[in-house]
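Undergrad: Could you build the full structure based on these sequences and the hints that come with them?
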Amino acid sequence: MGKTITEKIFAAHHVDTPYKDIHVIRLDAVFCHEITTPVAINNLVNRNKDRVFDPEKIKAVIDHVTPAKDSKTAMQGKILREWARRHKIKDFFDIGRNGICHAIFPEKGYVRPGYTVIMGDSHTCTLGAFGAFAAGVGTTDLEVGILKGVCAFRYPNTVKVIISGELQDGVYAKDVILSIIGRLGVDGATNRVIEFTGPVVDNMSMEARMTLCNMAVEAGGTSGICYPDMTTVEYLWKFIKDEYTTKEEALEKFSRLASDADATYDQIIEHDISSLEPLITFGYKPDQVKPVREMEAIKVDQVYIGSCTNGRIEDLRAAAEVLKGENISRLIRGIVSPATSEIYRQAMEEGILKTFIDAGFCVTNPTCGACLGMSNGVLAEGEVCASTTNRNFSGRMGKGGMVHLVSPATAAATAIAGHVINSKLFKGL
Amino acid sequence: MKNFSGGVLFLDRSDINTDEIIPARYLTEISKKALKPYLLEDLSLDGFTPKDDIEGKRVIITRANFGCGSSREHAPWALEVNGINLVIAESFARIFRQNMFNCGMMAVELSAQTIDNIFTGFFGKKTYLEMELERNIFSLTADERRQEVIFSLSDFDRALIRSGGWLEFADSKY
Ligand code: SF4
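For the record, the sequence lines run as chains A and B. Okay, so the first sequence: first residue is 1 according to the working numbering, each after it adds one. Okay, so the second sequence: first residue is 430 according to the working numbering, each after it adds one.
It should be emphasised that the hints constitute simulated quantities derived from the structure, not laboratory data. A few of these clues could be false.
As the list claims (entries may be wrong) - Some chain B residues close to chain A (C-beta under 7 Å, calculated; not the full set):
1) 457
2) 500
3) 502
By construction, the Cβ of each residue, glycine as well, lies at the ideal position given by its N, Cα and C atoms.
TA: This is how it looks when you write it as structure tokens:
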């Protein structure tokens, strides 16, 4: 019987099945950031287990609150920094060279097709865009990952989503994933992997695939995953060119990972996006979505463009295209946070940052910051934010604040109008 | 092994996320104890006042998809430091559920119908839960009313509860 891509990855990394339906797998990479890792480090130290399984396979970044905003966040950074030095973890990224974990680690070429990755962060599923099994875990799983290089999972049953149709202008990967979450519901994929396939995914850039996989967890998914193809090879080529003689050779190897035609699925969903228009969330759950057009009366106080969902160069380009030559409303605070230092530099060279600044946006350094209501754009009680992030939970960007999730183009248009609106790039149906 | 019996806190809502259980602004704390006053601070649930309603409770009974959202293990810890080691729900988000057992705590899943029955019989009453782990049974008592409920746990979950969590288990085995 055939296997899904995730089943193939599990089989190749199998270590143990200590109990029925519990699969302990070997990890190719363990990623760390300064919010969830310091607790793990302290715990390991307290238990006399301050070791790492392989410093080459552990990568760390300070991204959630950077620069530190107070003594407590400074201490979190310090613990991670000292731990990285102590264990000779050379791939450690601090301010000036850092970026949001799920954007910087793939950008550095640390994620490859067929890899197994864990991180103490729920949006680790983003990395499934590369054809890897990447899952968010809690602190204890992270500790074990750091110490032993293994993690336990239930058998990876899969929901296959076949995305077909022609994307309209002004409609993006963010709108596609919001439409899928709206369809699956916030627990529609719990304990399962979401496999994103079909012609629309085949035509997507790696950035767009990352946006897609990023929000798999918002439908409860253990991870999202895409099949590696030539787009994946092209993206990774500068990191893998010494390992293969040609791109075709790399492609041939990666392609073997794709699910077999006779693989078994829990569920197969045909998702046609031909008539999809820009979407927005309206409640406190990411599956509460509506067309932007139906929410145009909503006044907004802040527009936030950034995060591991939509802070990549393509996202900034899409927003800048809308903002070019425009001024944002005087009633709006516009904040843009390029997801990594490299994206920041690229956006500067392309003149994108100038477009943002000319329009009246504040450009911050790369950080999670406002996305989780910790710094750089926390909402006041009663305020409304149109945001390109991934969570609209009550209080997420500040106690008593309301978050509407949108694409970067919708966010930019909203900043200009002062209320929710479709971007001019969307011509309608 | 932890204590799994005591007063019940009913949270009559689905999809309670980890931002509601413990908001991100408290993730700068690096000790579990410091999380104690903030448990469920941002929960949007009519008539719920964290301070009064959590006091003296040892168990949470709730609806579907409890613990969705962020992977933060601070959510189980915030429960633990408040003396709550057991959550009973129709279903859990994967990471939250695993975090509970990884900490030697319990996340018990029951059918929607059983959860409904429990809410019908006990919601709004001062309820006590008595756990009998060996028999896979717990009982609920409120006034004159008493109900026994059968549940199941996987062998892995049980091993984690017994060994006090996944770290010890994995370190001795792998
Ligand atoms: S940008 Fe937001 S969702 Fe992404 S890792 Fe940072 S805090 Fe989490």
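Undergrad: Confirm or reject each hint.
TA: Here is how each hint holds up against the structure:
1. The interface hint given for residue 457(B) holds, since its Cβ lies 4 Å from the closest Cβ of chain A, which is under the 7 Å cut-off.
2. Interface hint status for residue 500(B): upheld, as the beta-carbon distance to the closest one in chain A is roughly 4 Å, under 7 Å.
3. Look at residue 502(B): its Cβ gets to within about 4 Å of chain A, closer than 7 Å, so that hint holds up.
Hint check: no violations occur; every hint is consistent with the structure.
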